[in-house]
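Asks: Quick note on numbering: the UniProt record's numbering labels position 195 of the sequence shown as 195, and the sequence is numbered without any gaps.
Please keep in mind that the hints were generated in silico from the structure rather than gathered at the bench.
Each residue gets a CB set at the ideal place from its N, CA and C atoms; glycine is no exception.
Wrong hints could be hidden among the right ones.
[Unchecked claim] Simulated restraints on C-beta separations:
1. Glu228 <-> Asn122: 23 to 29 Å
2. Val107 <-> Asn169: 17 to 23 Å
3. Asp141 <-> Cys254: 25 to 31 Å
4. Glu213 <-> Lys77: 36 to 42 Å
[To be verified] Think about it this way: if two alpha-carbon atoms lie no more than 30 Å apart in a straight line, the pair counts; the simulated DSSO-like pairs of lysine-lysine are:
5. Lys139 <-> Lys152
6. Lys224 <-> Lys249
7. Lys130 <-> Lys152
8. Lys139 <-> Lys249
9. Lys130 <-> Lys198
10. Lys105 <-> Lys164
11. Lys225 <-> Lys202
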Amino acid sequence: MSSNNNEVECLVEPTSKISITEENKQENKETTTTTTTNTDNKEEQPQEEQPKEEQEQEEQQEEEQEQQTENPENLIKHPLQNRWSLWYDYQSGKINPEHWVDSLKKVISFDSVEDFWCVFNNLPNVSNLKQGSSYHLFKDDIEPKWEHESNKRGGKWFVMVKDKSRCDNQWLQSVMACVGETFDSSDEICGIVYNSRKNGDKISVWTKNAHDEKATKDIGYCLKKILEVDNTISYTPHEDVMRTSKGAKNLYEC
1 MSSNNNEVEC LVEPTSKISI TEENKQENKE TTTTTTTNTD NKEEQPQEEQ
51 PKEEQEQEEQ QEEEQEQQTE NPENLIKHPL QNRWSLWYDY QSGKINPEHW
101 VDSLKKVISF DSVEDFWCVF NNLPNVSNLK QGSSYHLFKD DIEPKWEHES
151 NKRGGKWFVM VKDKSRCDNQ WLQSVMACVG ETFDSSDEIC GIVYNSRKNG
201 DKISVWTKNA HDEKATKDIG YCLKKILEVD NTISYTPHED VMRTSKGAKN
251 LYEC
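Input sequences plus hints: build the corresponding full structure.
Replies: What follows is the structure, encoded as structure tokens:
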């Protein structure tokens, strides 16, 4: 490393001061040349190669990490409390109670938040449903039929959709409340239905036990709040609908 004159003069005896300047100039030149040469040598020195085994091991680890990232099964999912199934049916003309189930089709099931959004982000909006079509979202072990074991002693709250511009949001909010179990007495809920009809669309929430007045009314009031409706909504038991071809009487209102 080169040094300046003052630093050198501090290290030599007084008798040597006369010649130190000239000598130091020469030393500076030599030192600079040596330093430059050493630097060049360092740059020219090749880097040590990584052992082949370590290199292969690192490449294998990187490949495994990429595969894990790309594999959807390794992604963390947030499970729902229940598994749900989406059904669809279309009825052209007057609905025949004896044959309407022939058009009822199970579309898909899901049991996580991520899969729920995957389904609903790719599902046609209810505002675009053809008249006569219906969506049925039910807990996986329950079929959307009056006579099903979980439904036959129950009934449904139904709300007429008066503002078509709000129907998509109302449907989504009520669906999220079902799958997210945010309804009061959510264990009593079997499923939720959207009917697209000529005389007016309708959202219905099906429950298990029509004669559990408290649980049923709790669900009704919660549904009104979710849909942000002020008008009175009604509850009808399935057994009354099955027993008569005429309009069944409402058991509850809220």
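Asks: For every hint, state whether the structure bears it out.
Replies: How the hints compare with the structure:
1. Between Glu228 and Asn122 the beta carbons are some 26 Å apart, a value that agrees with the proposed interval 23 to 29 Å.
2. At roughly 22 Å, the beta carbons of Val107 and Asn169 sit within the given window of 17 to 23 Å.
3. Between Asp141 and Cys254 the beta carbon distance is about 28 Å. The supplied range of 25 to 31 Å therefore holds.
4. Look at Glu213 against Lys77: about 38 Å separates their beta carbons, and that is inside 36 to 42 Å.
5. The straight-line distance between the Cα atoms of Lys139 and Lys152 is roughly 15 Å, inside the 30 Å bound, and the hint therefore holds.
6. Distance restraint check for Lys224 and Lys249: the Cα-Cα separation of roughly 20 Å lies within the 30 Å cut-off, and the hinted pair is therefore satisfied.
7. Taking the CA atoms of Lys130 and Lys152, the gap is about 28 Å. The hint holds against a cut of 30 Å.
8. The suggested pairing of Lys139 with Lys249 holds, with an alpha-carbon distance near 27 Å, which does not exceed 30 Å.
9. This hinted pair checks out: Lys130 and Lys198 have alpha carbons roughly 10 Å apart, not beyond 30 Å.
10. Annotation: proposed proximity of Lys105 to Lys164 holds, straight-line Cα distance about 25 Å (limit 30 Å).
11. Taking the CA atoms of Lys225 and Lys202, the gap is near 16 Å; set against the 30 Å cutoff, the hint holds.
Of the hints listed earlier, there is not a single one the structure fails to meet.
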